[in-house]
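There are 10 protein chains.
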Amino acid sequence: MLFLVRMDVALPDTLVGHERADLLAREKAYSQELQRAGSWPHIWRVVGEYANYSVFDVRSNDELHDLLSGLPLFPHMTITVTPLATHPSDVHA
Amino acid sequence: MLFLVRMDVALPDTLVGHERADLLAREKAYSQELQRAGSWPHIWRVVGEYANYSVFDVRSNDELHDLLSGLPLFPHMTITVTPLATHPSDVHA
Amino acid sequence: MLFLVRMDVALPDTLVGHERADLLAREKAYSQELQRAGSWPHIWRVVGEYANYSVFDVRSNDELHDLLSGLPLFPHMTITVTPLATHPSDVHA
Amino acid sequence: MLFLVRMDVALPDTLVGHERADLLAREKAYSQELQRAGSWPHIWRVVGEYANYSVFDVRSNDELHDLLSGLPLFPHMTITVTPLATHPSDVHA
Amino acid sequence: MLFLVRMDVALPDTLVGHERADLLAREKAYSQELQRAGSWPHIWRVVGEYANYSVFDVRSNDELHDLLSGLPLFPHMTITVTPLATHPSDVHA
Amino acid sequence: MLFLVRMDVALPDTLVGHERADLLAREKAYSQELQRAGSWPHIWRVVGEYANYSVFDVRSNDELHDLLSGLPLFPHMTITVTPLATHPSDVHA
Amino acid sequence: MLFLVRMDVALPDTLVGHERADLLAREKAYSQELQRAGSWPHIWRVVGEYANYSVFDVRSNDELHDLLSGLPLFPHMTITVTPLATHPSDVHA
Amino acid sequence: MLFLVRMDVALPDTLVGHERADLLAREKAYSQELQRAGSWPHIWRVVGEYANYSVFDVRSNDELHDLLSGLPLFPHMTITVTPLATHPSDVHA
Amino acid sequence: MLFLVRMDVALPDTLVGHERADLLAREKAYSQELQRAGSWPHIWRVVGEYANYSVFDVRSNDELHDLLSGLPLFPHMTITVTPLATHPSDVHA
Amino acid sequence: MLFLVRMDVALPDTLVGHERADLLAREKAYSQELQRAGSWPHIWRVVGEYANYSVFDVRSNDELHDLLSGLPLFPHMTITVTPLATHPSDVHA
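Protein chains in written order, with this note's numbering: chain Z, 10 to 102; chain W, 10 to 102; chain C, 10 to 102; chain S, 10 to 102; chain U, 10 to 102; chain H, 10 to 102; chain V, 10 to 102; chain R, 10 to 102; chain F, 10 to 102; chain X, 10 to 102.
Chain Z with its partners taken away, still in its complex shape (with noise of 0.2 Å):
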C-alpha cells in the first residue's frame, strides 16, 4: 500500500557541530535501512529546498506512522501524506 510523503526540514540554528552531524548521519542510517528493507521504495530532493519527496510502502496507516515518527528529523520537520492507489491506466499494475 503506497504513500506519498513531503518532507520538509527546518533545523534549529541551535543545532550545530558534532551534535548536528551525528543527528544527520544517524537520518540517514535510518532512511538507507528502509529503504534496503522495501518499504521506502523512493526518495527524491525537491529541486532548490531542503526537502524530500518519497514513496513509502507499507501494510497499514500504524505502521506508515511508526517509520515517520521514528524518524531522527521528525522533530525538526513538516510532514504531509497523501494515500495512493492503483490507477487504471497503470501499466505495470
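Honestly, the hints are just simulated from the structure, not real lab data.
Keep in mind that the hints are not guaranteed to be accurate.
[Stated by the list, open to error] With beta-carbon atoms standing in for the labels, derived distance ranges: (1) U:V18 x V:G47: 23 to 33 Å; (2) X:T89 x R:P21: 20 to 30 Å; (3) W:E42 x F:R68: 28 to 38 Å; (4) X:A102 x V:Y59: 25 to 35 Å; (5) F:R68 x C:T89: 41 to 51 Å; (6) Z:S69 x C:T87: 20 to 30 Å; (7) R:L20 x W:E42: 55 to 65 Å; (8) Z:S69 x H:A102: 51 to 61 Å; (9) U:T87 x H:A102: 23 to 33 Å.
From the three backbone atoms N, C-alpha and C, an ideal C-beta is built for every residue, glycine too.
With chain Z held as given, fit chains W, C, S, U, H, V, R, F and X onto it using these hints.
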C-alpha cells in the same frame, strides 16, 4: 531527469456519451504509450480524487511540456510540476 | 485501518426534479449499505454546510478509493482524505 | 452534541527532560480521564504529524472551551473546532 | 449557546424577475421570524459585500443546522460557523 | 458605527510570573472600562482558541484605532477589522 | 473618514454589445459624480488587471455600503474594504 | 508614476528602550522628508494593525526600491508593492 | 524599467473553430510585434500549464497597462505584475 | 534548459558584524561567478523586498540543485523553482 507531476481532472458537464468515452480512451492510450516508452515511469491515483501523481523521466523541460500539453485531457486538467533531483541518502542512486 | 474523509457537495443548477431526487436516493442507499457493512462507521453533517465528515474503516487505499469513487455523488463532490493511526492516549485502543 | 477538533502540537525547543515528560504525562492523564467520562469519545493520530483529530461530546460551547483550554498542552497547540450535526443518512441516528 | 455565522451570497445569473424577488422576500421573512423568536439576535451587513455576519442563539448544533439549511437562500450561500463561548472579561456575563 | 474585530493572542514564552499576570489584569481592566462606556458592546471567546470576536461601536476609524492600539496586549495580538453596516432585514434597525 | 477599497471586475461572457456598453457608461458616470462630490477622492487602475484601488471619504460605514452597493457593476465585482486611520507620521494630518 | 505600498511592521522583542525609540524616530524623520519632497504623497494607518498603506510617486522601479530599502525599519517590515496606472474614469487625470 | 509578468490563460469552452484560431493568431502577432519593438524582451512557457512568464521593458506603469490590456487574450487571462529593480550583484548592470 | 527561481532571504537577527558582511560577500562572489559562467543569466531585485527573481540555465535538475544548495545564503533562503519551456510565440527561439 525526473519530475513529480500532479494532474487534477475537471471534465465539463457538457462532455457526455461517446465523445466522453472516446476522449478517455485516447487519454489512456496516450498515457500507456509513454509509460511503455519509459518517459512516464510512475502513475498513481490520489485516493478519493479524480487526480493522479505521476513521475516523468525526460531529457529537458521542453520535452516534458510537449508530453504534458499533448495529453488529450490537457484542456481539462490543472497540472503542477515539481523538479526532482537525486537525494544524497538514496541507496539506488 | 481508519481514514477521516471530508466530502463537500456542489450539485449543478441543472440537476433538478426527478433526476435529482433519484441521485440523492441512490447516494443515501449506497452510504447506508456501507455503514451497515462496517466500512463507514461514522458520518456527521458539518453545521451550516452541504458537507460531511466521515470515518471509513478499510483494508487498503485501493478499497477506500473504490468505495469513494463509487459514490453516486462522486462527480459532484470535493473529497479530502486524512489517514488516521492509533493514538497512544486512546483508552479504547 | 458533537464537535470535531483538530489539535496540532508544537512544543518549544526549550522544553526538555523531566519538565517535558511531566507535561506529557499530565496531558495523557487529562485526556484519558475525559475519554473515560464520555466527553472525548474519539481520538486519532494524524499519520506523519504531531497532531490528532478528536471528537468531543459536550452539552455546550462553554463546556467545550473549558475542556480544551484546560489541556496541559493548550499553550502549545493550535486547535480548530468544527460543530457537527446528525447526518440524515446516518443509520445509527 | 452562541455561534458567529458568516453568510456569503452568490445568486446565479439565471435567477431574475419575479422568481428572484420572491426568493429574497421569503429569505427576509424567514430571517425576521427567527430574529423575533430570539434565535437570531444579531445580523449585520459586511460593508461592500453581499454578505452578512450574524449571531445565532440555539440549544444545539442540530438546531443551528436546521435553521441554516432551512434558509431560502441556503443553496446559494457559502456559510462558515464559529462556536462562541463566554469571555472571562465580559462585563455582561 | 459598528466593527467586527477578531483578536488572536500569542504571548511570548518569556512573559511569565508577575509580569504576565499584571499585563493580563491591565488588559481585563481596559476591556471592561470600554465595555462599560459602551464602545465595546460585545466580546466572545472563540471556542478552543486564545482569541476573541468583539463588536466595537465608535464614531470614527481614528477612534477605533486609538482604542485597539491602546490595548495592553496590542503588541502580542493579530487583529482583523471588518466594517459593519445596517442589514436591511434587521428587525431592530 | 477614509477607506481603501479594492474592486475586481468579472463581467459575464453573456454581457455584450449595447447592454455592456450601457452598463459601463453608467458605472463611469456614477463614479465621476461621486468623485466630483468628494466621496471618492482617489481611483487608480491596478496594472495588468481589470481592477482598481480607490479611496473613499465618508461619514459612516452605512454611507460607504450605500455608495458601493449602488455601483452599476456591483453584482459583477469582488470588493474588499480596509478602514484607514490617520498615520502619526503624516505631515499633512 | 504611482505605486501602492503596504508595510507590515514586526519589531523583535529584543528591541527596547533607547535603541527602539531612536529607530522609530529615524523612521519618522525619513518618512516625513520623503513626504515633503513629494515622493511619498500618502500614508495611512491600517486600523487595528501595526501597518500602513502608502502611495509613492517615483520615476522608476529602481528609485522606489532605493527609497523602500533605505527605510530604517526595512529589516523589520514585510512590504508589498502594487503598480498603479491612470484609471479611465478618474476626473482628476 | 523591467516588470516580471505571469499570464494564465483560461479560454471559455464556447470559443471554438475559426473564432478561436483567429484570436490566437492575433495574440501571437501582437506579442511578436512587441517583442521585436523591444518592449517584451522575454517570454517563456510555464511547463505543464497554459501560462507564461514574461519580462516587459517599459517607461511607465501606464505604458505597461496599455500593453497588457491591449492583448487580444486579455479578457481571458489572469495577470500578475511584479516590479523589478537592478540587483546589486548583477554583473551586467 | 531554463528555470525561473525566486529567492526570499531572511537573515537571523543574531547574524551581525563581520560574520554577516563576510557571508554576504561570499554570496555575491558565488553569484557573480555563476553569472559569468553563463549558468545564471538573469538576476533582478524584487522591488521593496529582500528577494530576487533569477533565471538559471543548466543541463539537469541535479545541476540546478547543486548550484542552489551551494549558495552561501541557502540556509537562510526560501526558494521556489519553476521549470520554463520555449514559448511558441518567442521571436528569439
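Here's how the hints hold up against the structure:
1. The supplied range of 23 to 33 Å is met by V18 (chain U) and G47 (chain V), whose beta-carbon atoms lie about 31 Å from each other.
2. Range check, T89 (chain X) to P21 (chain R): Cβ separation about 26 Å, and the 20 to 30 Å hint holds.
3. Checking the proposed 28 to 38 Å range against E42 (chain W) and R68 (chain F) shows it is violated: the Cβ atoms sit about 50 Å from each other.
4. For the pair A102 (chain X) and Y59 (chain V), the supplied restraint of 25 to 35 Å holds, since their beta-carbon distance comes to about 30 Å.
5. A beta carbon spacing of about 48 Å between R68 (chain F) and T89 (chain C) agrees with the range 41 to 51 Å that was offered as a hint.
6. About 27 Å separates the C-beta atoms of S69 (chain Z) and T87 (chain C), a value consistent with the hinted range of 20 to 30 Å.
7. Range check, L20 (chain R) to E42 (chain W): about 59 Å between beta-carbon atoms, so the 55 to 65 Å window is met.
8. In this structure the supplied range 51 to 61 Å holds for S69 (chain Z) paired with A102 (chain H), their Cβ-Cβ distance being about 58 Å.
9. Range check, T87 (chain U) to A102 (chain H): Cβ separation about 24 Å, and the 23 to 33 Å hint holds.
Going down the numbered hints, you'll see the structure goes against just number 3.
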